[in-house]
Each structure stands twice: as C-alpha cells, then as structure tokens.
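I would like the entire structure built from these sequences, with the hints used as guidance.
Protein chains: 2
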Amino acid sequence: MTEPLQTGAVIGILGGGQLGRMLSVAASRLGFRSHIYEPAANPPAGQVADRVTTAPYEDADALRAFAESVDVITYEFENIPTDALDLLESLRPIRPNRRALAVSQDRLLEKDFLTGLGLNCAPYAAVTSQADLTAALTRIGTPAILKTTRLGYDGKGQARIRSLADAPAAFAAMQGAAAVLEGFVDFSHEVSVIAARGLDGSVAAFDPGENVHKDGILSTTTVPARLSAGQRSDAVLIAARILNALDYVGVMGVELFVTPAGLIVNEIAPRVHNSGHWTQQGCAVDQFEQHIRAVAGWALGDGSRYADVVMENLIGDDVDRIPQIARERGASIHLYGKAEARPGRKMGHVNRIVTRG
Amino acid sequence: MTEPLQTGAVIGILGGGQLGRMLSVAASRLGFRSHIYEPAANPPAGQVADRVTTAPYEDADALRAFAESVDVITYEFENIPTDALDLLESLRPIRPNRRALAVSQDRLLEKDFLTGLGLNCAPYAAVTSQADLTAALTRIGTPAILKTTRLGYDGKGQARIRSLADAPAAFAAMQGAAAVLEGFVDFSHEVSVIAARGLDGSVAAFDPGENVHKDGILSTTTVPARLSAGQRSDAVLIAARILNALDYVGVMGVELFVTPAGLIVNEIAPRVHNSGHWTQQGCAVDQFEQHIRAVAGWALGDGSRYADVVMENLIGDDVDRIPQIARERGASIHLYGKAEARPGRKMGHVNRIVTRG
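For the record, the sequence lines run as chains A and B.
Quick note, the first sequence lines up with residues 1 to 357 if you use the numbering used here.
Quick note, the second sequence lines up with residues 1001 to 1357 if you use the numbering used here.
Rather than coming from a laboratory, the hints here were simulated on the basis of the structure.
Beta carbons are placed, not taken as given, at the ideal position from N, Cα and C, and that holds for glycine.
There may be inaccurate statements among the hints.
From the derived model, a few chain A residues whose C-beta atoms are all more than 10 Å from chain B [stated by the list, open to error]:
(1) Ala40
(2) Gly46
(3) Gln47
(4) Thr54
(5) Glu68
(6) Asn97
(7) Ala169
(8) Pro224
(9) Asp247
(10) Ala261
(11) Ala284
(12) Val285
(13) Ala299
(14) Gly316
(15) Glu328
(16) Pro343
If you want a taste of the chain A side facing chain B, the calculated C-beta under 7 Å gives, among others [claimed, not checked]:
(17) Gln6
(18) Ala9
(19) Val10
(20) Arg33
(21) Phe187
(22) Gly297
(23) Arg321
(24) Gln324
(25) Gly330
(26) His334
(27) Leu335
Put into structure tokens, the structure is as follows:
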C-alpha cells in the first residue's frame, strides 16, 4: 500500500491504552475507523474505537482476523512479541517498521544505533555478568544506572549504583536479564522532540518540549522549552537524522538531555509520546493526527505551535483535583476513562494554555 | 440527579450524526462513556461511541433499555417524537429540558416565546389557510417566506413569496401543514452566539461567529464576527435571556441578523450548532465539551477565544479537496466518517487558524 488511505479505511492499532485511545480519536477526525487489538479486557481505547479485539498476542487466529480487517497496522507501545509481528506483517503493512521496533525494544541496540549515527549518548556498556559490571563501572564510574536492555518503562527494571558497593545488588536486581550500564550525564534539563516522517520521506517536528519527571514518571511538559536557537535546531536535526536512518513512517519521541557540551540522546520511542500531548491544544494538527496521517500515507500536517502550553500528567489520585481543574481558565482536560486510580497510573492529563501578553 | 457525573458515567445521546459524533468524542475526553440511540444503521457517531442502539423512536423496549443504561440523556437534533421523550423522561433526566425542545420544534411557538421576552424577530404571522396567508401578506408585505412551523431544516419546507401572485403556490407547497409567514429583514450579515448554561444557572457564551450560507446551508463561520462592542454585548445578553427564560441546561445556538436598528433573532437551536464548530480550534473548551459539561452537571469551562478561526463546511463533493486541504498551513480537518458524498450532505468541516501578526 503506497496510495493514501481513503475515508472509511480502517487503522489497526496494537494496544488499547491512552495512546491507542487518542490515536483512535485522531483517526476518526480524518474519517477513518479504528480497530484496537488488546489482550486486556475493557481497554480505554475500546470506548472510542470502532472495533476492539480482545485476545493475547499468542492467538494466531485472532491476529490473522484482525490484520485482515484493517488496511494498515500501527501500535502504541514497542514491546510487541516478535512472532505476532511476523504474522501481522505477512498480511498488512506495519508502520513504523520492524527495524524501528527492534532498535527501540533493546536499549543496547538503540545506543549502538544512535552512536553509529554519530549522535551523543551517555557512556554505556553491555552487562551480562558481574565481571562485565565491574569492568564497566571502572570505565564509566559512579554514579551510574543499570537497566535491563528490554521491557523498560517508567523506571521499572532499573537499579541505581551510587558506589561500587551497590554493584552486586544492582546486578541481582536484573534477575539474569541482559542489561546495560549507563553513566550519569550532568544535564541541566530534559527536552523531547516529537517528530514525524511521512511515507514520502518528508520530515516535520513539533517544537521541543521541556520535561520534568517525578518518581521516574513524566510529570509536566512545557513549551516552549528553555533552548537556544542553536540547540532547538540541533534537537530537530537529531530527530530527523534518526527518522531518516530508520526509513521511519509515523511519529517518534526523542528524549534529549541538555548539557553545556550539547544535546545528549537519552532514548527514543517509536510511537506517539506522553511529552507530545501538549500538541492537542497548541497546534492545528496534533501528534496523534500526525501519526495517523503518516501511517495512512497522507501528507504530514501543520504542526507549528500557535500557543504556549504546559501539559501536566494526572497520576493516580491526581484525578481527584478534576473538579478544581475544570474551573481553571485555559485548562483542557483529557481523561482516559480508566475506572480505578491506582498509584503511579496515568489517569489523564491537562493542557494549560498560557495566555499571551 | 444534581450531583456532577463521575468518570465512567454514561451520556445517552439521541441521534447518531456528526453532532452526536463530536459530542461523543468530547464526552470521552472527560472520561465519560457515550451511548448513541439512532434509528438509521451505521451512524457516524457509532464509530466513536462506546455503545450504539439501532432502533426506531417507536420501540418502547429499546428506549427503555437505552435509558436504563445511561445516567443522563441529551440529543443532537430537536425533532424527537413526543411519545419517546415521555418514556425517556420518566426514567432519566433529559437535558436540555422539554420546554426548550417544544419551543424550538415549532417556529410559531418559538417566535411567540422570543417576542414575549421582548426580543426582536422578523415580522411574522401564523398561516393555516389561504385567507390567513392573504391577510398576512397584506400586513407584512413582500418579499416574504412561508415556512412550515415544524421539521424545518437547511431550507426544506420553505417557499419564497416575491409577490402576491406567488401566494397560492407557496401555500400549496406547505401540503396542509401549519405554517408561519416571515417578512424579510434587511440585514447586513448573520451572526450566531453559541451559549451554554450550567445546572447551577451559570451562563457562558462563545465569541459570536459570522455565518455565510450557500443554497440554504451554512458554508462558513468566521470569528471574530463584524460586530461593534455594543452589538457583541447585545448578542450575548440576548442568548443569556433566552437560556435563563427556559431554565436551560446545555449549549444552544442563537442565530441573529445584524441590522442598523439592532439585532434580530432569526432562530434558536437547543443543541450544539454547526456555527460553533470553530471552537474546536479556538478555545480551551469547545462547544461539544461545554455541552457535555453542562448536561453532566459539571462547571462550565473556559470558552474564551485564543485564535482567529474560519470554519468551512465540506458539503457533498467538497471532500474531494481533502488532499489539498491536508497540505494547507493552519488547517484542522474534521471528517464525519460518512461513506457516500451526496449533494448537500455535510461530510466534514475544516477549521482554519488565521495566523496573527
């Protein structure tokens, strides 16, 4: 499929969380239907999607029926089992492509890929044994952080190493999984670039946002970010280099550390990204629609920023503040329809438009 | 029900067209689920709603099951059969209320109501016989327009009378239905106010938009409208007077003619309104969310305008221009997921953000 999808076409989305939910709504704005594939029952995206398949990623029949009912397949998360991808890809195009998934599923591959492009990352080393870890700590120093190479998300599967004495416990915490040691970077703040690449190879980037994390989870994103004109342009060029190298189609989130010596790539996510939610209020075309446009083979849209925005995540019982937030001036509320507000669970977000002048 | 609805509550929506579709999406943003009731199969709103009931308004069992599955009932159109409303209202609150529906379902009642509030309407007279029509034309003069009192929409059920000689044909065109003769108003342009009233009686109005019709169907709405400060304030006060008089809960569209002698009320619609679609790009809280907030008992949101916008309806084969529109700067596309582009059919709209400075 290289022709643009027409009204009524079906976008298949792997994953039924809040990202799938907002992708689904964006697809509907362009006249598309969405079909969600999600193992868990009653996913947030199911409330707004045209169709939902509830089945595990090991169910070949369900995967086949899903693929045959859609025109293109995309996803809201990167840890999709390989066998499922093999089957799906034999039936319909998957966008972004498998290489983007492979690279971002594995921290070590990702860092090798990024440094191979000449981009700067934190110092790192592969760790598969206690001896590896000791050698790596000797080279990289402390403090450092040991992370499993796969399935990391919101601070899980990670162990901080403040001094050499922490090494055995950190290694044990990996529970035998392949890991990567990362040195700390002395950065002033973190920004992210949400960038998109179309089927025709055109690239567009949203204005970088400045991120603040709390307990390992994104708390706020502010646009504009504190960046010099040169840094802003570097940030966009870094993202473009990554997208082009992967022959990428869709939206990608690229997290960057801002240091006196330049921008350091922290990690990439081959999907719409929490730090891009501000685009829903600040741009004519938001990150969700931009992603749908790309995977549907449409022209990328105008993502230029026309308002200053602060996005705040509503985590766990933050949602209890909704009655107050609903009365604020300039606040746009986005709730995900999740029934239970567990600690650490992303329940929604607020985009606050910062009035000018 | 006077307490605000909580996340997970279900908004019942009568009518599954594009207004129901956009109401449904707005409900999801606030964490609500939506349930659409629509006689026609495969309604546009069904693609984004949590549930759809496909049944006629004469099906008491289906109406009852629908009402019992929702927390509050609202609607996207005003011509809902009375028996259906009686049944639904016995089970769940209907917002806006029955009086608003009764008044806006009947052009004669509407004009009597509006003039009773001291508001200015075009000269009018009830017409149930040829003799009525002759007498009314003598008093009001020509040109004039004869309209059925009920079920008028987008120029249907109307006959223009240029001179007395047109009267018999116009009367015949009413096919025996009760009608109302309206004199022409010498206006420079039409504006509309999209206003909301909450369960607590608070009133908020969006900035008036300026409307241009083509072939009896809204073509564009532009904000800001050409209005003096005094006219702008009059427009909002007129809307507030109407909402308060009806003890209204929800969003209403009020169409006004701008004349040298002041504003003349053309008609009211007890629902979200095509001329309010620009709010999706121009405001933190759009008309659809404002309506859902009101019927859910929430505080009204901030509908202040932070961008200049031109909304263009995409009628019939206007949608063939989508590939070009998708490449425009500042254009936000909203398609309704309708399969067939028939002439006169509203297929979608574009909100164009007018860049400042």
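Hint check results:
no.: 1; hint: Ala40; verdict: 16 Å, holds
no.: 2; hint: Gly46; verdict: 8 Å, violated
no.: 3; hint: Gln47; verdict: 5 Å, violated
no.: 4; hint: Thr54; verdict: 15 Å, holds
no.: 5; hint: Glu68; verdict: 19 Å, holds
no.: 6; hint: Asn97; verdict: 23 Å, holds
no.: 7; hint: Ala169; verdict: 40 Å, holds
no.: 8; hint: Pro224; verdict: 16 Å, holds
no.: 9; hint: Asp247; verdict: 22 Å, holds
no.: 10; hint: Ala261; verdict: 36 Å, holds
no.: 11; hint: Ala284; verdict: 5 Å, violated
no.: 12; hint: Val285; verdict: 7 Å, violated
no.: 13; hint: Ala299; verdict: 5 Å, violated
no.: 14; hint: Gly316; verdict: 13 Å, holds
no.: 15; hint: Glu328; verdict: 7 Å, violated
no.: 16; hint: Pro343; verdict: 17 Å, holds
no.: 17; hint: Gln6; verdict: 9 Å, violated
no.: 18; hint: Ala9; verdict: 11 Å, violated
no.: 19; hint: Val10; verdict: 10 Å, violated
no.: 20; hint: Arg33; verdict: 5 Å, holds
no.: 21; hint: Phe187; verdict: 32 Å, violated
no.: 22; hint: Gly297; verdict: 11 Å, violated
no.: 23; hint: Arg321; verdict: 13 Å, violated
no.: 24; hint: Gln324; verdict: 9 Å, violated
no.: 25; hint: Gly330; verdict: 5 Å, holds
no.: 26; hint: His334; verdict: 5 Å, holds
no.: 27; hint: Leu335; verdict: 3 Å, holds
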